[in-house]
Structures are given as C-alpha cells and as structure tokens.
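Chemist: Top to bottom, those sequences are chains E and G.
Using the numbering used here, you'd call the opening residue of the first sequence number 1 and step up by one each time.
Using the numbering used here, you'd call the opening residue of the second sequence number 1001 and step up by one each time.
Hints are supplied without guarantee of correctness; some may be wrong.
EDC-like, lysine to aspartate or glutamate: derived pairs with alpha carbons at most 16 Å apart [unchecked claim]:
no., chain 1, residue 1, chain 2, residue 2
1, E, K78, E, D62
2, E, K78, E, E68
3, E, K83, E, E3
4, E, K42, G, D1067
5, G, K1003, E, E44
Listed next, the stretches of chain E that the computed footprint assigns to chain G, with coverage defined by at least 3 CB atoms under 8 Å from CB atoms of chain G [what the hints assert, rightly or not]:
no., segment
6, 59–72
7, 78–88
Since the hints were made in silico from the structure, they are not lab data.
Quick caveat, the model's predicted, so the values are computed rather than measured.
Heads up, the beta-carbon is just placed ideally off N, CA and C, and yes, glycines get one too.
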Amino acid sequence: EPEVTQTPSHQVTQMGQEVILRCVPISNHLYFYWYRQILGQKVEFLVSFYNNEISEKSEIFDDQFSVERPDGSNFTLKIRSTKLEDSAMYFCASSDRVNSPLHFGNGTRLTVT
Amino acid sequence: DAKTTQPNSMESNEEEPVHLPCNHSTISGTDYIHWYLQLPSQGPEYVIHGLTSNVNNRMASLAIAEDRKSSTLILHRATLRDAAVYYCILSGYDYKLSFGAGTTVTVRA
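Please build the complete structure, drawing on both the sequences and the hints.
Modeler: Structure follows, in structure tokens:
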C-alpha cells in the first residue's frame, strides 16, 4: 500500500537555526497537510496546501513557517529561526480529495536545543 | 469547528468488542464523522468515516445515531494491537482535521 514518507526521522538543531522537514506524499494525492504534536499534547493542525497554494493555516503557522512543493513530489515545511518551543513531532499528511481519509507519515521528531 | 466529546479512557479484554462513544451535538448537516487512531510514537492512522449511514470496513464499524448527534466506533474483537488513542473528529468542507484528546484504549490480555 502506498504511504507517506518523511525525512529525517529525527532532527536536532540549535535555537535560531533554519530547518527543513521533508515529506513525500502519496503520488496521486492533491491535498497536503502539516500537523505537529508536542510531547504529551494533542495533534495540532498547522497548514493545508492545494493547487500550489496554502488553503488554510492555523495561528501556530506564523511568519517563521513556510511550505513548498518544489518539484511535484516533495512537500516541505521550513522553520526559519527555530525556537525551543518548536520541539515536537511534525507529521505530514496527504489526501486525494476533501473529506477523504488523510494518510499520515510517521513523523519527524524535531529537537531544538 | 464543531466539537466532539469522548471519554478519556476505556479498558477492554482481549477478544471482546469495544464500543467507543463520541458526542457531537453541534454537528452540521455537511460534517463528516471521522475516526483515527494513534499508536505510540507513530502518526495518526485512518480508521473509518461516515456521514449519515452506518459504515463497516475491515478494521471497524461506525454506528451513527439517527439525529447524528452521537456516534460509536465498534472494534469487534479487541486485540493487543488495538491499544491506542482513538480520535473522533468532525470535518466539513474545509481542509483540515482538528484533533482532540481522544480516548485511550487499553486492552487486557
């Protein structure tokens, strides 16, 4: 069964550094999402992306965050200047249409020191 | 977003059915009811979803009340691998799912 893959599985970075989290969604999917989960807390929506533009974003997704689909297969989340509170699991997801099931990757654990 | 209410936790014995309730009294006519599970250290995983009619798939069944203000996820025979957090989520014609705290299911051998 096709799956969403995320790399790296674990990223350690220093506060203030830029990080790029990478995702390869399922190939025929059109809708892409990023979520995050701080340890012990809820899964939180960050952003959705369709037709090469952001469809919706949450309050968390401020100017430090950006998303891109650079080459038709990858979907990336960039954090420009990481803060300690950005430490979390970041999950990428994709779906083929609105209200169809989301397929999640296994996440990237981001640790900001 | 329309909200859902789930019990914090439920326990079950292996090979017995598990009925996970979800209340969503403010559901709108276009909201779908989705269920996802999350195993430790993994991403959420789709279980089932429906709009008005009961739904069955290889993983579970979804029973939706006639007024749609509540639903129940049914795991027919619990296994140790079913121990997870189960989320009941409403989704309209938007582009996101809003996860709550979910129900933590424990399965006793």
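Chemist: Check whether the Cα positions of K42(E) and D1067(G) lie no farther apart than 16 Å.
Modeler: Status violated; Cα separation ~28 Å.
Chemist: Cut-off 8 Å, C-beta pairs, minimum 3 residues; does the coverage of the segment 59–72 of chain E by chain G stand?
Modeler: Not satisfied, violated; 0 residues make the cut.
Chemist: Hint check: K1003(G) vs E44(E), CA-CA at most 16 Å. Holds or violated?
Modeler: 15 Å, holds
Chemist: Going straight from one Cα to the other, do K78(E) and E68(E) come out at no more than 16 Å?
Modeler: Satisfied, since the Cα-Cα distance of roughly 8 Å is no more than 16 Å.
Chemist: Holds or violated: K78(E) with D62(E), Cα cutoff 16 Å?
Modeler: 11 Å, holds
Chemist: Between the alpha carbons of K83(E) and E3(E), is the straight-line distance 16 Å or under?
Modeler: Since the Cα atoms of K83(E) and E3(E) sit roughly 30 Å apart, the hinted pair is violated (cutoff 16 Å).
Chemist: Closer than 8 Å Cβ to Cβ for three or more residues is the test here. Does the segment 78–88 of chain E pass it with chain G?
Modeler: violated (count 0)
Hints 3, 4, 6 and 7, counting from the list given before, are not met by this structure.
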